[in-house]
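Q: Please take these sequences and the hints and turn them into a complete structure.
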Amino acid sequence: MHRRLSLLFLAFVLLCVAAAAGFAQSMNPDISVIPRFILHTNDGEKLAEGKREFSRPDFAFEELEIAIQAYLNPYAKADVVLTLPGPDVEAGKLGLEEVYATILRGLPLDLNVRFGKYRVDYGKLNMMHPHAWPFVTQPLSQERFLGEEGLNDLGISASILLPTGDIYSKLTVDLLRGSVIGEATGIEDTTGASPYYATSARLMSFFPLGDFSDLEVGLSGYTGIHDPYNRDRFWYGNLDFKYKYKPDAYTSLVVQGEFLYNMRTAAQDRDFNQFVDADGNPERRTINSSGLYLYADYQFLKLYSAGVRFDWTESPYSTEERAQAIAVFLGFYPVEETLGLRLQYQHTMTEAPGASQSVNMIALQALFSLGPHKAHPF
Amino acid sequence: MKHLLFIVLVAWAGIAHGTIKVVTSLPDLADFTRQVGGDRVTVDNIVRGDQNPHFVEVKPSYMMKLKAADLFFLIGMDLEMWAPQIIDGSRNTKLEVVDLSKRIDKLEIPAKLDASQGDVHRYGNPHYWLDPRNIRIIVEDIVAALARVSPGDEQFFRANGEAYLKKLDGKIAQWSATMKSFAGTRIITFHKSWTYFSRWLGLTVVEQVEPKPGIAPSPSHTAGLMTLVRQANIKVIAVEPFYDLSAPDQIARSTGAKVIRLCTSVGGAEGTQDYMSLMDYNITTLAGALK
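Sequences listed follow chains A and B, in order.
Read left to right, the first sequence gives residues 1 to 378 (my numbering).
Read left to right, the second sequence gives residues 1 to 291 (my numbering).
Please keep in mind that the hints were generated in silico from the structure rather than gathered at the bench.
There are no misleading hints in this set.
Covered stretches of chain B, as calculated for chain A (at least 3 residues, CB under 8 Å): (1) 55-65; (2) 81-88; (3) 206-219.
Derived DSSO-like pairs (lysine-lysine); straight-line CA-CA distance at most 27 Å: (4) A:K77 / B:K94; (5) B:K102 / A:K77; (6) A:K302 / B:K258; (7) B:K94 / A:K374; (8) B:K67 / A:K77; (9) A:K302 / A:K374; (10) B:K180 / B:K106; (11) A:K374 / B:K112; (12) A:K246 / B:K67; (13) A:K374 / B:K106; (14) B:K65 / A:K244; (15) B:K212 / B:K112; (16) A:K302 / B:K212; (17) B:K212 / A:K246; (18) B:K235 / B:K291; (19) B:K65 / A:K242; (20) B:K67 / A:K242; (21) A:K374 / B:K67; (22) A:K302 / A:K244; (23) B:K212 / B:K258; (24) A:K374 / A:K117; (25) A:K93 / A:K117.
From the three backbone atoms N, C-alpha and C, an ideal C-beta is built for every residue, glycine too.
A: Here it is in structure tokens:
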């Protein structure tokens with residue numbers, strides 16, 4: 001029943017896309033449909049058997065994203081992003097990635113207020129949907145500390161432009177339900193109790209560095225209860241930057257990076273393994289770990305891009321569980337973002353007490369975007 | 001205390017008078033606004049003259065330009081698809097957005113809106129400012145918008161506008177005379193930027209280097225253009241400053257046609273500091289190549 005309803009809804013959305021194209025001046029919202037496909041292989045699947053060989057390249061459907069956006073009235077707009085994540089396509093489960101309204105104008109101090117379920121304004125990459133990344137895979141530090149879906153939660157957000165003269169500076173503060181912490185960076189709350197709130201904030205500034213280059217820097221924080229059984233709290237601090245040099249429409253260089261610092265007290269890890277001291281007695285530990293990524297992406301001849309990314313990360317509960325990766329990627333975009341092909345090679349090394357391994361991965365990603373194309377934000 | 005109040009009032013009056021803050025999408029509109037508003041406006045623009053106005057990245061610095069503005073002048077007709085994001089990001093509740101295309105006689109309105117036709121604009125071809133006869137409508141609408149913000153200065157704006165249009169009429173006659181002998185000449189352009197311009201001058205744009213608007217030249221289309229240029233004896237391929245010259249140069253090498261840079265906006269080439277010098281440059285360059 002659920003599957004049938006989901007597929008019916010999907011059919012309805014696709015009909016709306018067709019209708020929107022046919023009646024451009026109607027009140028239909030903007031609707032985009034963006035599927036991502038992947039062909040990938042890696043040489044890590046048989047390492048346990050002592051064999052290192054690439055697996056048979058496998059086709060996979062990564063995700064179908066349906067984005068719907070429209071103004072609600074002169075003061076507010078709404079965004080809905082539905083997803084059919086890869087494994088759920090056959091199961092017909094339609095997910096709600098984002099659904100939120102933003103009050104854009106009319107509030108005191110020119111506040112913007114957003115409420116609903118949304119990607120939180122935390123760091124630089126978190127607000128970007130994966131189809132807009134220049135690479136195929138999520139940086140390891142983001143995956144370990146924020147989860148595969150990133151920091152995306154129910155909540156309410158307020159942002160204000162700071163009086164910093166001609167420099168654009170924005171402060172955003174979020175009060176979040178805290179419901180995603182268990183999935184990504186903490187222990188899942190199976191007690192049935194109300195989740196504990198989480199809060200997040202980001203301060204960013206944008207500096208034009210002449211006609212062709214710009215720099216954005218941001219400082220974010222995120223805190224919540226990562227262990228609902230012991231009421232242990234975590235604190236994240238995140239420093240991000242993005243530099244872009246774009247002398248013309250055919251060439252650009254982007255250099256972007258983020259450094260995340262995690263601080264938490266914990267009596268157990270996310271697998272409920274109690275921490276013990278040298279004598280075997282339970283102990284409460286203070287964990288300070290971190291992670292970072294840094295990438296450069298160079299666009300040339302308008303249609304092509306090539307880049308490299310470096311990842312290094314520890315884990316939310318351990319500085320001994322480390323991973324690092326180097327990835328190189330190529331992009332081909334024949335007509336802006338309507339069609340895209342990305343090829344990525346990634347070498348990943350993971351370390352844990354008593355075990356370490358390296359894996360090579362090659363992935364070819366194809367995507368297209370059906371519907372209106374908005375201008376790219378910086 | 002009375003002195004202090006007087007000073008504050010005088011200062012406030014000084015700030016309030018003659019400082020309408022205007023932002024325009026194109027530098028051409030900034031020029032018209034300066035001509036009309038004189039020292040009673042401050043004007044800034046978003047797009048550079050050497051930049052493709054269709055594709056502008058949404059930068060926070062543009063939002064800051066709009067944050068304190070009274071008026072935002074747009075070409076309209078969806079040329080500035082990026083504008084709503086900048087307007088929303090500015091959080092300026094007092095901003096009046098003025099679409100200057102409303103009274104324009106629009107060309108090339110598509111019967112069918114379909115991405116298979118390339119980047120077509122649903123309201124028609126938006127490059128109307130390149131026909132200088134359309135500047136009268138633009139200037140009149142700028143005068144009206146400035147007068148709405150500062151009704152006391154309406155006569156000043158109107159007089160400036162009329163003086164500018166009178167001068168422009170003289171230049172239009174001069175440009176038309178220069179190009180008169182080339183009426184009916186066939187040219188190729190890179191993008192459909194010159195529809196209004198060529199209609200004004202009686203030129204025939206037979207084909208574009210882009211196979212469809214916004215679509216990069218393909219080898220087969222470029223080869224077809226080489227044949228067309230030879231058969232129709234086309235002498236000129238006009239390319240905007242922000243497009244790559246590879247395909248036009250390839251056609252030129254094969255056929256002997258000339259590739260020229262024509263600018264769509266003020267600042268697109270050296271010496272094009274205002275609209276009249278921009279059109280001087282375009283007419284001189286085109287006439288020189290067609291001789």
